[in-house]
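S.K.: Spelled out from the first residue to the last, the chains are:
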Amino acid sequence: DAKTTQPPSMDCAEGRAANLPCNHSTISGNEYVYWYRQIHSQGPQYIIHGLKNNETNEMASLIITEDRKSSTLILPHATLRDTAVYYCIVRVATSGGSYIPTFGRGTSLIVHP
Amino acid sequence: NAGVTQTPKFQVLKTGQSMTLQCAQDMNHNSMYWYRQDPGMGLRLIYYSASEGTTDKGEVPNGYNVSRLNKREFSLRLESAAPSQTSVYFCASWSGQGINEQYFGPGTRLTVT
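Just so you know, the protein sequences line up as chains A and B, in that order. The opening residue of the first sequence carries number 1 in the working numbering; numbering runs sequentially from there. The opening residue of the second sequence carries number 1001 in the working numbering; numbering runs sequentially from there.
Chain B with its partners taken away, still in its complex shape:
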């Protein structure tokens, strides 16, 4: 049981390049989330998926797109990377039931030059 996994762990992009961050969970959770965390800041929600087949914007969605490929996988795409998107990206999942807690992945450290 790996929990929430993210790939890649590190990535450097040039301005204007595109890339997709991958996230997968093996806990059969319904809900999945993408956050970004800038230095010294809390986590800010980019997009979330309440269940397979649905996605919704969070607090800071501009410049990103997401795909809930299936129940296990939730990807985040940067179509044209900008230096302002330099951050650590965390994926999380939640069962979608009651008082269960969220589980987080280890993060992807992205630098855009």
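The shape of chain A in the complex, shown without the other chains:
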């Protein structure tokens, strides 16, 4: 799986949009971009994933650049409860047990009042 690079920390005002970047310049054509978050000491939680089109769900939006070398996770109206570490991962769609996900240090997002 391709390597990802994320800023170690960011902050955002409550009610504003939080835009979390991720670089994945060596991504392959069949690799998806996934985002997870980990709220203080809990297990990571899946947020969203995409291949090349922008995606939106009830939690967030994912914007992937046309060359797919970077992406941005958008929390449109951040709340204090969104304070967490956010992980960006790229991986292929695969069957069987060959998928070994790798989590780096992620981005620590602090949402302040």
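Treat the hints loosely; a few may be bogus.
[Unchecked claim] If you want the ones that stay clear, here's a sample from chain A, every Cβ over 10 Å from chain B, calculated: (1) Y32; (2) Q45; (3) K52; (4) T56; (5) M59; (6) T65; (7) D67; (8) D82; (9) I110.
[Unchecked claim] If you anchor each label on the Cβ, the simulated ranges turn out as follows: (10) T65/A to E1052/B: 26 to 32 Å; (11) L1069/B to N53/A: 36 to 42 Å; (12) G29/A to K1014/B: 51 to 57 Å; (13) E66/A to L1069/B: 45 to 51 Å; (14) T1054/B to P76/A: 39 to 45 Å.
[As the list claims (entries may be wrong)] Which stretches of chain A does chain B cover? Using the computed rule of at least three CB atoms under 8 Å from a CB of chain B, they are: (15) 5-15; (16) 18-25.
Derived by calculation from the structure, the hints in this document are not laboratory data. Note that the structure is predicted; figures quoted are calculated from it, not measured. Even for Gly, the Cβ is constructed at its ideal location relative to N, Cα and C.
Starting from the known structure of chain A, arrange chain B on it as the hints suggest.
M.R.: Same frame as chain A, but now just chain B:
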């Protein structure tokens, strides 16, 4: 549907003691994983099981053993605990198919004195 459950939630051991961390999932997933997370760090893979009856080492397997008891359960054993194994341990599962996401348990906080 409880997802991924882990027991115990907290544990304190003395150096040299042994214990087993239990993990179970009720989603009929094929693959299961054990990670550890040290303060301020990402998750590091200890062992994984691609399917029932198979186990493989991850990034940091030394000092641990695992058992895939059946499709639902994947246990992690510390035979002789060391202070360096003080960490938060997360179990995760994945369906083993396509682009489905991983699911994580709530974690076990282990302190070895």
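S.K.: Now tell me if each hint is right for this structure.
M.R.: Against the structure, the hints:
1. Y32: 6 Å, violated
2. Q45: 7 Å, violated
3. K52: Correct as stated: the minimum Cβ-Cβ distance to chain B is 13 Å, above 10 Å.
4. T56: It holds; T56/A is separated from chain B by about 16 Å at its closest Cβ, greater than 10 Å.
5. M59: 12 Å, holds
6. T65: Given that every Cβ of chain B is farther than 10 Å from that of T65/A, nearest at about 20 Å, it holds.
7. D67: Label holds. Min Cβ-Cβ 21 Å, cutoff 10 Å.
8. D82: 18 Å, holds
9. I110: Given that every Cβ of chain B is farther than 10 Å from that of I110/A, nearest at about 14 Å, it holds.
10. T65/A to E1052/B: 26 to 32 Å: 40 Å, violated
11. L1069/B to N53/A: 36 to 42 Å: Roughly 41 Å apart at Cβ, these two residues keep to the hinted range, so it holds.
12. G29/A to K1014/B: 51 to 57 Å: At 52 Å between Cβs, range holds.
13. E66/A to L1069/B: 45 to 51 Å: 47 Å, holds
14. T1054/B to P76/A: 39 to 45 Å: At 42 Å between Cβs, range holds.
15. 5-15: violated (count 0)
16. 18-25: Not satisfied, violated; 0 residues make the cut.
Violated hints, in rising order: 1, 2, 10, 15, 16; the structure is consistent with all others.
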